[in-house]
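So the protein sequences, as listed, match chains A and B. For the first sequence, the residue numbers in the numbering used here are 10 to 584. For the second sequence, the residue numbers in the numbering used here are 52 to 242.
Treat the hints with caution; some may be incorrect.
[Stated by the list, open to error] Computed spacing ranges between beta-carbons, pair by pair:
id, chain 1, residue 1, chain 2, residue 2, range
1, B, Q88, A, E223, 42 to 52 Å
2, B, V94, A, R67, 38 to 48 Å
3, B, V219, A, G221, 34 to 44 Å
4, A, A442, B, E161, 34 to 44 Å
5, B, P158, A, G221, 19 to 29 Å
6, A, N66, B, N218, 46 to 56 Å
7, A, K213, B, E161, 38 to 48 Å
8, B, E229, A, K213, 16 to 26 Å
9, B, Q202, A, P192, 37 to 47 Å
10, B, Q88, A, V53, 45 to 55 Å
11, A, G473, B, P158, 32 to 42 Å
12, A, S110, B, Q202, 41 to 51 Å
13, A, N173, B, Q88, 34 to 44 Å
14, B, N218, A, L40, 36 to 46 Å
[As the list claims (entries may be wrong)] Here are the simulated DSS-like cross-link-like pairs (lysine-lysine), alpha carbons at most 25 Å apart as the crow flies:
id, chain 1, residue 1, chain 2, residue 2
15, A, K213, B, K83
16, A, K72, B, K54
17, B, K55, B, K90
18, B, K191, B, K236
19, B, K184, B, K97
20, B, K148, A, K316
21, A, K213, B, K210
22, A, K213, B, K99
23, A, K316, B, K184
24, B, K90, A, K213
25, B, K148, B, K210
26, B, K83, B, K55
27, B, K55, A, K72
28, B, K54, B, K210
29, B, K163, A, K316
In case anyone wonders, no lab produced these hints; they're calculated from the structure. Don't be surprised by glycine CBs; every beta carbon is placed ideally from N, CA and C.
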Amino acid sequence: MNTQLFGVIAMFILTVAIAIPLGRYIGKVYLGEKTLLDPVFNPVERFLFRISGLDGNREMNWKQHIYALLGINLVWFFICFLVLLNQGWLPLNPDHNPSMSPDLAFNTTISFLVNCNLQHYSGETGLSYLSQIGGIMFLQFVTAGTGMAACAMVFNAMRNRQSNQLGNFYNYFIKSCTRVLLPVSFVASVILVVSGTPMTWEGKQTITTLQGEEQIVSRGPAAAMVAIKQAGTNGGGFFGVNSAHPLENPTYLTNMVENILIVLIPIAMVFALGYYLKRKRMAWMIMGVMTVGFLALFLPSITNEVKGNPAITEMGIDQSAGSMEGKEVRLGAEASAYWGITTTVTSNGSVNSMHDSFTPITGGMAMLGMMANSFYGGVGVGFLNFYIFIILAVFISGLMVGRTPEFLGKKVEAREVKIAAFIAILHPLLILAGTALSSWLVSHNTAMGYWYNGNASAWLNNPGYHGFSEMLYEYTSSAANNGSGFEGLSDNNPFWNITTGIVLLLSRYLPIIGPLAIAGLLAGKKHIPESAGTLRTDTPIFGIMIFAVIFIVAALSFFPALALGPFAEYFSQIH
Amino acid sequence: MIKKIISVNIFTFGCMILLSVAYPLLISGIGKLTPGQGKGRTVSYKGKTVGFTQEGQQFTDNRYFWGRPSAVGYNGSGSGGSNKGPSNPVYLEEVEKRIDTFLICHPYLERKEVPAEMVTASGSGLDPHISQKAAEVQIKRVARARGLDEQEVRSLVKKHMEPPLLNVFGPQKINVLELNLALEKHQTNNQ
Numbered sequence: 010m011n012t013q014l015f016g017v018i019a020m021f022i023l024t025v026a027i028a029i030p031l032g033r034y035i036g037k038v039y040l041g042e043k044t045l046l047d048p049v050f051n052p053v054e055r056f057l058f059r060i061s062g063l064d065g066n067r068e069m070n071w072k073q074h075i076y077a078l079l080g081i082n083l084v085w086f087f088i089c090f091l092v093l094l095n096q097g098w099l100p101l102n103p104d105h106n107p108s109m110s111p112d113l114a115f116n117t118t119i120s121f122l123v124n125c126n127l128q129h130y131s132g133e134t135g136l137s138y139l140s141q142i143g144g145i146m147f148l149q150f151v152t153a154g155t156g157m158a159a160c161a162m163v164f165n166a167m168r169n170r171q172s173n174q175l176g177n178f179y180n181y182f183i184k185s186c187t188r189v190l191l192p193v194s195f196v197a198s199v200i201l202v203v204s205g206t207p208m209t210w211e212g213k214q215t216i217t218t219l220q221g222e223e224q225i226v227s228r229g230p231a232a233a234m235v236a237i238k239q240a241g242t243n244g245g246g247f248f249g250v251n252s253a254h255p256l257e258n259p260t261y262l263t264n265m266v267e268n269i270l271i272v273l274i275p276i277a278m279v280f281a282l283g284y285y286l287k288r289k290r291m292a293w294m295i296m297g298v299m300t301v302g303f304l305a306l307f308l309p310s311i312t313n314e315v316k317g318n319p320a321i322t323e324m325g326i327d328q329s330a331g332s333m334e335g336k337e338v339r340l341g342a343e344a345s346a347y348w349g350i351t352t353t354v355t356s357n358g359s360v361n362s363m364h365d366s367f368t369p370i371t372g373g374m375a376m377l378g379m380m381a382n383s384f385y386g387g388v389g390v391g392f393l394n395f396y397i398f399i400i401l402a403v404f405i406s407g408l409m410v411g412r413t414p415e416f417l418g419k420k421v422e423a424r425e426v427k428i429a430a431f432i433a434i435l436h437p438l439l440i441l442a443g444t445a446l447s448s449w450l451v452s453h454n455t456a457m458g459y460w461y462n463g464n465a466s467a468w469l470n471n472p473g474y475h476g477f478s479e480m481l482y483e484y485t486s487s488a489a490n491n492g493s494g495f496e497g498l499s500d501n502n503p504f505w506n507i508t509t510g511i512v513l514l515l516s517r518y519l520p521i522i523g524p525l526a527i528a529g530l531l532a533g534k535k536h537i538p539e540s541a542g543t544l545r546t547d548t549p550i551f552g553i554m555i556f557a558v559i560f561i562v563a564a565l566s567f568f569p570a571l572a573l574g575p576f577a578e579y580f581s582q583i584h
Numbered sequence: 052m053i054k055k056i057i058s059v060n061i062f063t064f065g066c067m068i069l070l071s072v073a074y075p076l077l078i079s080g081i082g083k084l085t086p087g088q089g090k091g092r093t094v095s096y097k098g099k100t101v102g103f104t105q106e107g108q109q110f111t112d113n114r115y116f117w118g119r120p121s122a123v124g125y126n127g128s129g130s131g132g133s134n135k136g137p138s139n140p141v142y143l144e145e146v147e148k149r150i151d152t153f154l155i156c157h158p159y160l161e162r163k164e165v166p167a168e169m170v171t172a173s174g175s176g177l178d179p180h181i182s183q184k185a186a187e188v189q190i191k192r193v194a195r196a197r198g199l200d201e202q203e204v205r206s207l208v209k210k211h212m213e214p215p216l217l218n219v220f221g222p223q224k225i226n227v228l229e230l231n232l233a234l235e236k237h238q239t240n241n242q
C-alpha cells in the first residue's frame, strides 16, 4: 500500500463519515425541526421574506413549485447576463478584462444558471471580480439551492399521505442556501485561504523570477468561490485550469477537502431522505446502488492511470509515477483519477487534471459517469435523476411479477411512467444528436461561416478516435450539467456556445420538472397501506433491479458511441 | 404579476447581499490574517520578490533544477494544459523529442532513468513541484554547473523534500523554486 492510495481511501471514508450526520441534519432542516444555526439564520430569513413580501409559509402544489422555480431562475438569468455583457466598464475589474461577446455571455449565463458550469472562457482573462463574485459565485449558491429545493419537494411528496400541499419552494430554497451550502462553504473556504488560496481584491502582480524573467501572476477572490464551486456540485473554477491550478488547489490537504465536498452533499441528500421519510433501509439501498456504480467506474480508471500511457511505456522511460500528462505532482495519478470519476458521477465538473489527457479507459469511464448521471449525482438533482430510475424499475418489476406497480403506497400508472420514460430517453437523445451533428460537420469538413472561424475539423485538438471523444464528451458534459470538458476542443465560438447552450437548458429544467410532476401526481393519489402483496422497494433485490435499469437505459444506449471513441482508442494502443 | 416580479427581485437582491457581499468579505477578512494576507505567498531574494511559492516558474539555466514541461510556458496569467490525447502521434513525437533533449542535458543518465513526469506537461502549466526521482536525476548537472560538490546539492535536495500529508496521505514532492532559492543562498553564504 502506498501513501497515494491511502489518500484516496481516506477521502472516500471521510466523505461517508461526514455525509451521514450531515444528511440527518439536512433532513431536520427540511422537516422544520430545531437545528443549531436557527439563532443565526432565522432572523435573516424572516428579514428576507419581510422586505420582499414573499410568503415563505404558503403550502404549494407541484405546479406552483415549478412556476416559482422557473420564475426566479429567469430573474437570475437576466441579472447575470447583463453583468457579463457589461463587466468591462463595471467596477471590481483591476485587470481590465473586456466585456463578453453576446454568444459567450449567453453560454456562460446559461451554463451557470443550470448548475453546469461549462466554461468556454478562462477566468484570468475572461471575467472581472464583479462577474466572478456577484455573477458566477451567486449562481453557484442559488442554483445548488434550487436543485436541493426541488429535491426537498419530492421528499415531501413521498410521505405516506394523500395531499397536494408540498411545502414552500422559497422556504426550501433559502434554507438550502443558509443552513447547508453557506456553512459548509464557510468551513471549506477558511481551510483553503489558510492553505494559501488567494482571497484578495487586488489584480495581477508582475514579478521577476529567480532566473530573471518576467512573470505575471493572476490572483483574485478565489477561496470563497472555490468552496461553493465544490459544495454545490457546480465545478466552475476561478482560474482557467480549475483545481489543477496551484493557487486554486495548493496542497494535498486542500485537494482532499475539495474532493470530499464534490460528493458530500449528494451523498448526504440520500441519508437526508432516509431521515425525512424514516426509511433508513431505503437510504442504504440507494447508497449501495450508487456506490456499486461509482466503484465500477472508478476501479478501471485508477488502474489505468497508475499503469500509465502504453505509448509512453513503449518509449522505455520511467513511468512509475503513472500517466502524468495533464496532472500535477502534488496531487499524483491516484488522486487525479479519483477526482476525475467523482466529479463526473456527480454533476460537479471541476477538474484537478486535464481530462483530455486521461488514458482512454478513464476518459470513457468519466463519460459513462455523466451518461448515467445518477451515481450520487448533483446536489438535489442527483436524487431526482435516480428517482426517475426508481419509477422505471418499479414499473418494470411490477410487470415482471404481474402486480400493479406501487411505490411507497402509491399506484404508479401510465402517466407517471410516460414522464419517466421521456426524461430517461431525453438524455441520450440530446447527447447523441449533438455529437452526430458535430461529427457530420467534421467528417464533411464544412466551412462554418458565422458559426466557427474556419472549417469544422479545425475545432478538434486531437485526431482520430480521440477527436470524436472530444465532441462526445462536450455534449455529454452539457447534457449531464457537468461542466468538465476535453478542453482541447475549441469551444468558444457561436456553434459550440449556442448548441451546448440549448442542450444545457433542456437537460436542466426538464429533468427537474419531470420528477416534480411525477412526485406531485403520486402525492395526490390515495395512499394504499403496505400489505404482504406489496413490492418491497428497500431490498437488495430491488437495488439490483434499479441498477439493471440504469445499465440498460444509460449505458447501453451509449455503448455504440463509446465504442467509436474511448474504447476504439484503447484497443488501438494495445499491440 | 408585476408585484410578484418585484418581490422576487427584492428577494434575489437580499440573497445577493448575504451570499455575494457578506460571505466573501468575511472570508477575505480572515484571509488578511493568514501568511501572505490572502494575496498569494511570495518569496524574496536579495530584497526583491522573486516568485510565488505555490506557483511554478520557468527554469532553463543549467545552474537550476528544472520544473516540468509547461504547455503555456509558465504563464501565470493564463494557466493551461496541453490537452493532448494519449494516442496523438504529434504529441508522442513531442515527448520523444523532450526525452532526447533531457538525455543530452543529462548525458550520465540511461533512457530508462528518465522520469516520465519530466517529459510530460503538467495540468496547470504552473506545476510548482517535481518528484523525488526527478530531482535526483538533475543533481549531477546542477552540481557541475555551479562547481559544487554533489553531496552538498544532494543534502539540500533532501532537506527540501516535502513528505506526504501527515506522512500518510499523498505523494512526496519538492518545490522547485524553494530548492533553487536554497541553492542560491547556499552558494552566496559560502563565498
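Hints, one by one, checked against the model:
1. B:Q88 and A:E223 have their C-beta atoms about 23 Å apart, which leaves the hinted 42 to 52 Å range violated.
2. Distance hint check: the CB atoms of B:V94 and A:R67 are about 58 Å apart, inconsistent with the given range 38 to 48 Å.
3. Hint check: B:V219 to A:G221, Cβ distance near 39 Å, so the stated range 34 to 44 Å holds.
4. Range check, A:A442 to B:E161: Cβ separation about 52 Å, and the 34 to 44 Å hint is violated.
5. Distance hint check for B:P158 and A:G221: the Cβ-Cβ separation is about 26 Å, which falls inside the suggested range of 19 to 29 Å.
6. Checked against the hint of 46 to 56 Å, the C-beta distance between A:N66 and B:N218 comes to roughly 54 Å, which is consistent with it.
7. The hinted window of 38 to 48 Å between A:K213 and B:E161 holds, with their beta carbons roughly 43 Å apart.
8. The hinted window of 16 to 26 Å between B:E229 and A:K213 holds, with their beta carbons roughly 23 Å apart.
9. In this structure, B:Q202 and A:P192 break the distance hint of 37 to 47 Å, their C-beta atoms being roughly 53 Å apart.
10. Checked against the hint of 45 to 55 Å, the C-beta distance between B:Q88 and A:V53 comes to roughly 29 Å, which is inconsistent with it.
11. One distance hint, 32 to 42 Å for the beta-carbon pair A:G473 and B:P158, holds here, with the actual separation near 36 Å.
12. In this structure the hint that A:S110 and B:Q202 lie 41 to 51 Å apart at CB is violated, the actual value being about 58 Å.
13. Restraint check, A:N173 to B:Q88: a C-beta distance of roughly 55 Å breaks the suggested window 34 to 44 Å.
14. Roughly 43 Å separates the CB atoms of B:N218 and A:L40, a value that falls within the hinted 36 to 46 Å.
15. The straight-line distance between the Cα atoms of A:K213 and B:K83 is roughly 18 Å, inside the 25 Å bound, and the hint therefore holds.
16. Among the hinted pairs, A:K72 with B:K54 is consistent with the structure: their alpha-carbon atoms are about 20 Å apart, no more than 25 Å.
17. The hinted pair formed by B:K55 and B:K90 fails the criterion: a straight-line CA distance of about 42 Å is larger than 25 Å.
18. Straight-line distance between C-alpha atoms of B:K191 and B:K236 comes to about 19 Å, which keeps the hinted pair within the 25 Å bound.
19. Between the alpha carbons of B:K184 and B:K97 the distance comes to roughly 30 Å, so the proposed pair goes past 25 Å and is violated.
20. With a CA separation close to 22 Å, the supplied pair B:K148 and A:K316 stays within the 25 Å bound.
21. For the proposed pair A:K213 and B:K210, the alpha carbon gap of about 32 Å is over 25 Å, so the pair is violated.
22. A distance of roughly 17 Å separates the Cα atoms of A:K213 and B:K99; the hinted pair therefore holds under the 25 Å criterion.
23. The straight-line distance between the Cα atoms of A:K316 and B:K184 is roughly 18 Å, inside the 25 Å bound, and the hint therefore holds.
24. Between B:K90 and A:K213 the alpha-carbon distance is near 10 Å, which keeps this suggested pair within the 25 Å criterion.
25. Our distance criterion of 25 Å between C-alpha atoms is broken by B:K148 and B:K210, whose separation comes to about 32 Å.
26. At most 25 Å may separate the alpha-carbon atoms for a hinted pair to count; B:K83 and B:K55 exceed this at roughly 41 Å.
27. Our distance criterion of 25 Å between C-alpha atoms is met by B:K55 and A:K72, whose separation comes to about 16 Å.
28. Among the hinted pairs, B:K54 with B:K210 is inconsistent with the structure: their alpha-carbon atoms are about 68 Å apart, more than 25 Å.
29. Distance hint between B:K163 and A:K316 is fulfilled; the C-alpha atoms sit about 16 Å from each other, no more than 25 Å.
In terms of the numbered hints stated before, the structure departs from hints 1, 2, 4, 9, 10, 12, 13, 17, 19, 21, 25, 26 and 28, listed from lowest to highest.
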